[in-house]
Amino acid sequence: DAGITQSPRHKVTETGTPVTLRCHQTENHRYMYWYRQDPGHGLRLIHYSYGVKDTDKGEVSDGYSVSRSKTEDFLLTLESATSSQTSVYFCAISDLGANEKLFFGSGTQLSVL
Amino acid sequence: KQEVTQIPAALSVPEGENLVLNCSFTDSAIYNLQWFRQDPGKGLTSLLLIQSSQREQTSGRLNASLDKSSGRSTLYIAASQPGDSATYLCAVYGQNFVFGPGTRLSVLP
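First to last, the sequence lines map onto chains A and B. Going by this note's numbering, the first sequence opens with residue 3, and the numbers climb by one from there. Going by this note's numbering, the second sequence opens with residue 47, and the numbers climb by one from there.
Isolated chain A, as found in the complex (with noise of 0.2 Å):
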């Protein structure tokens, strides 16, 4: 299995409060993705990281905002968590143009009270 860690696993939070998720990678991949996951919408990006402190907004990044300070770490934060946010969250990373194939984490399921 690729290296990559997402922490928390779950995590239950009130609406309003700040949260951040964690993406870990040990297989120093250069692209790092973050997709919600949701009955009935699918797969959907959030945002995606092509290097370091190199960022791009998905389709779905309205509320969120990410960072890349390295190379192994994407951080996803939801700046005042609303209940439209409670979702499964996965992290995925890439290697274009070496390996195309993306990797998954296990996911973070977050409920927004």
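Hints may contain errors.
[Unchecked claim] With the Cβ distance kept under 8 Å, some of the chain A side facing chain B (calculated, not the full set):
no.	residue
1	Gly-44
2	Glu-102
3	Leu-104
4	Phe-106
5	Gly-107
6	Gly-109
[What the hints assert, rightly or not] Straight-line C-alpha distance at most 25 Å; calculated DMTMM-like pairs for lysine to aspartate or glutamate:
no.	chain 1	residue 1	chain 2	residue 2
7	B	Lys-47	A	Glu-102
8	A	Lys-103	B	Asp-130
9	A	Lys-103	B	Asp-113
10	B	Lys-114	B	Glu-49
11	A	Lys-59	B	Asp-73
12	A	Lys-55	A	Glu-102
13	B	Lys-88	A	Glu-29
14	B	Lys-47	A	Asp-97
15	B	Lys-114	B	Glu-102
16	A	Lys-103	A	Asp-40
17	B	Lys-88	A	Asp-97
18	A	Lys-103	B	Asp-73
19	B	Lys-88	A	Glu-74
[Unchecked claim] Computed footprint of chain A on chain B, listed as stretches where at least three residues anywhere in the stretch have a Cβ under 8 Å from a Cβ of chain A:
no.	segment
20	84 to 91
21	143 to 155
Think of the hints as simulated: they come from the structure by calculation, not from any bench. From a predicted model like this one, the values you see are computed outputs, not experimental measurements. Just so it is clear, CB atoms sit at the ideal spot from N, CA and C, and this is done for glycine as well.
Add chain B to chain A, keeping to what the hints say.
Using the frame of chain A, we list chain B on its own:
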């Protein structure tokens, strides 16, 4: 905007059957297509990757084909087993990865 659909949404078959899952995409300007498997409560696992210049890829009992001009891919599973029960998703890579909604497969003993 790229859109990916998968048919059927769910499929239930007896053990031992051969089966085909379908994936369609609207924009043929892709670099590759991947098939993934997702078990309940788990992340996605890449099964097969087909480059846009390829027609098919095989791994064990799995065979995936790609017809880029018609915007279609199929995943063929031979001699299905209960352990194949999972959700299967396809994803195309153009400007970014776009996923289909998945086919939920149940293989009955």
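Lys-59 of chain A and Asp-73 of chain B: Cα distance at most 25 Å?
-> The given pair, whose Cα atoms are some 21 Å apart, holds under the 25 Å limit.
Does the structure keep Lys-55 of chain A and Glu-102 of chain A at a Cα separation of 25 Å or less?
-> Since the Cα atoms of Lys-55 of chain A and Glu-102 of chain A sit roughly 21 Å apart, the hinted pair holds (cutoff 25 Å).
Hint consistency between Lys-47 of chain B and Glu-102 of chain A [alpha-carbon to alpha-carbon, up to 25 Å] | Within the cut-off at roughly 21 Å; holds.
Proposed proximity, Asp-113 of chain B with Lys-103 of chain A (alpha carbon, max 25 Å) = holds, 19 Å
CA of Lys-88 of chain B to CA of Glu-74 of chain A, is that 25 Å or under?
-> Cα-Cα ~21 Å, so holds.
Are the Cα positions of Lys-103 of chain A and Asp-40 of chain A separated by 25 Å at most?
-> Status holds; Cα separation ~23 Å.
Would the hint on Phe-106 of chain A stand, with a C-beta cut-off of 8 Å toward chain B?
-> With a closest approach of 4 Å, the Phe-106 of chain A hint holds.
Proposed proximity, Asp-97 of chain A with Lys-47 of chain B (alpha carbon, max 25 Å) = Holds, because 24 Å separates the two Cα atoms, which is no more than 25 Å.
Quick one: see if chain A covers the segment 143 to 155 of chain B, three-plus residues with Cβ-Cβ under 8 Å.
-> As far as the segment 143 to 155 of chain B goes, the hint holds, because 5 residues have Cβ atoms under 8 Å from chain A.
Below or equal to 25 Å on CA atoms is what counts here, so check Lys-88 of chain B against Asp-97 of chain A.
-> holds, 22 Å
Hold the hint about Gly-107 of chain A up to the distance rule: shortest CB distance to chain B must be less than 8 Å.
-> Check passed: Cβ of Gly-107 of chain A comes within 6 Å of chain B, closer than 8 Å.
Holds or violated: Lys-88 of chain B to Glu-29 of chain A, with C-alpha atoms at most 25 Å apart | OK: Lys-88 of chain B and Glu-29 of chain A at ~20 Å, within 25 Å.
Hint compliance for this structure: every hint is met.
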